[in-house]
Amino acid sequence: MQFEAIRMELDATSHVATVTLNRPEKLNSFTRAMHKELAAALDEAISAGARALVLTGAGRGFCAGQDLADLSFEPGAMTDLGSLIDEYFNPLVRRLQALPLPVIAAVNGIAAGAGANLALACDIVLAARTSSFAQSFVKIGLVPDSGGTALLPQRIGMARALGLAITGDKISAEQAERWGLIWQVVDDAELPTSAARLAAQLAQQPTRAIAAIKRAMRASTTNSFDQQLDLERDLQRELGNSYDYAEGVQAFIQKRTPRFEGR
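For the sequence shown, the positions run 256 to 518 when the working numbering is used.
Treat the hints with caution; some may be incorrect.
[As the list claims (entries may be wrong)] Dumping the calculated EDC-like pairs for lysine to aspartate or glutamate here, alpha-carbon to alpha-carbon at most 16 Å:
| hint | residue 1 | residue 2 |
| --- | --- | --- |
| 1 | 469 | 489 |
| 2 | 469 | 487 |
| 3 | 291 | 259 |
| 4 | 291 | 325 |
| 5 | 394 | 322 |
| 6 | 281 | 259 |
| 7 | 281 | 325 |
| 8 | 469 | 493 |
| 9 | 291 | 322 |
| 10 | 394 | 424 |
| 11 | 291 | 329 |
| 12 | 291 | 342 |
| 13 | 281 | 342 |
[What the hints assert, rightly or not] FRET-style restraints, in silico, Cβ to Cβ:
| hint | residue 1 | residue 2 | range |
| --- | --- | --- | --- |
| 14 | 413 | 264 | 35 to 41 Å |
| 15 | 487 | 346 | 25 to 31 Å |
| 16 | 324 | 485 | 16 to 22 Å |
| 17 | 425 | 396 | 15 to 21 Å |
If you're looking for bench data, these hints aren't it; they were derived computationally from the structure.
Fair warning: this is a prediction, and the values are worked out from it, not measured in the lab.
Even glycine gets a Cβ: it sits at the ideal position worked out from N, Cα and C.
I would like the entire structure built from these sequences, with the hints used as guidance.
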């Protein structure tokens, strides 16, 4: 499928799909058409057999959030932001979190508004040293969306989350790493290589187990402790009947590298 605002490349050797937001002249800000292309690109990556996914941006920014030029501000015909979020942004972040494979955000340049929270919705965030993050919603009279009001306090605590959301201040990638908002900062020139290397490493892991880890970790934010113990039991029972578990045990016994297949 041909895309205009998205690039999707699959490395058949590593089974890593790289999905690039490709509106660099607009700092990769989202339009409705771009949302549809991204959803189709994710479909294509999964159907092509990707076992890990890298999400990044073209040019000098990761994503500046919603493109305001794609909205209507005419009196009586204003774009319903609730409907926009319900139709596009919420399905996107839900899907990224539920994908049955590891998802790495490789953040280059600015990640602002929904663009910042798009990165945080991924499983692991690598960021270029000169990149930055901003919850810029308050600057135009809005509340953080795309999961921001949940992801921020979960990762950095309520005091810092409120500070970022209320001021709309930008923080550097290095500050984000110190606060635990992201996984790791790398030198700008190393970002593509570091993301590809990590994705290739994860693609060789038992991706079915990784999907279960994603599910369990995220469920822990709302489950009671007893519910979480039950979920761990159920997932462990399921994984205990998998090919990858049997392969992992045999490889351990035979002192060889396991060959996981994600099943």
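Evaluated hints:
A threshold of 16 Å between alpha carbons decides the hint, and for residue 469 with residue 489 the separation of about 14 Å falls inside it, so the pair holds. The straight-line distance between the Cα atoms of residue 469 and residue 487 is roughly 12 Å, inside the 16 Å bound, and the hint therefore holds. Among the hinted pairs, residue 291 with residue 259 is consistent with the structure: their alpha-carbon atoms are about 11 Å apart, no more than 16 Å. Between residue 291 and residue 325 the CA atoms are separated by roughly 14 Å; this keeps the pair inside 16 Å, and the hint holds.
The suggested pairing of residue 394 with residue 322 holds, with an alpha-carbon distance near 15 Å, which does not exceed 16 Å. Proposed proximity of residue 281 and residue 259 is supported: the alpha carbons are some 13 Å apart, at most 16 Å. With a C-alpha separation of about 12 Å, the suggested pair residue 281 and residue 325 falls inside the 16 Å cut-off, and the hint holds. Between residue 469 and residue 493 the alpha-carbon distance is near 15 Å, which keeps this suggested pair within the 16 Å criterion.
Between residue 291 and residue 322 the alpha-carbon distance is near 14 Å, which keeps this suggested pair within the 16 Å criterion. A hinted pair counts as satisfied when its Cα atoms are at most 16 Å apart, and residue 394 with residue 424 qualifies at roughly 9 Å. For the hint pairing residue 291 with residue 329, the CA-to-CA distance comes to about 24 Å; that exceeds 16 Å, so the pair is violated. Restraint check: the Cα-Cα separation between residue 291 and residue 342 comes to about 10 Å, which is no more than 16 Å; the hinted pair holds.
The suggested pairing of residue 281 with residue 342 is violated, with an alpha-carbon distance near 22 Å, which exceeds 16 Å. A hinted range of 35 to 41 Å for the beta carbons of residue 413 and residue 264 is consistent with their spacing of about 40 Å. For residue 487 paired with residue 346, a C-beta distance near 28 Å keeps the hint of 25 to 31 Å intact. The supplied range of 16 to 22 Å is broken by residue 324 and residue 485, whose beta-carbon atoms lie about 48 Å from each other.
Between residue 425 and residue 396 the beta carbon distance is about 18 Å. The supplied range of 15 to 21 Å therefore holds.
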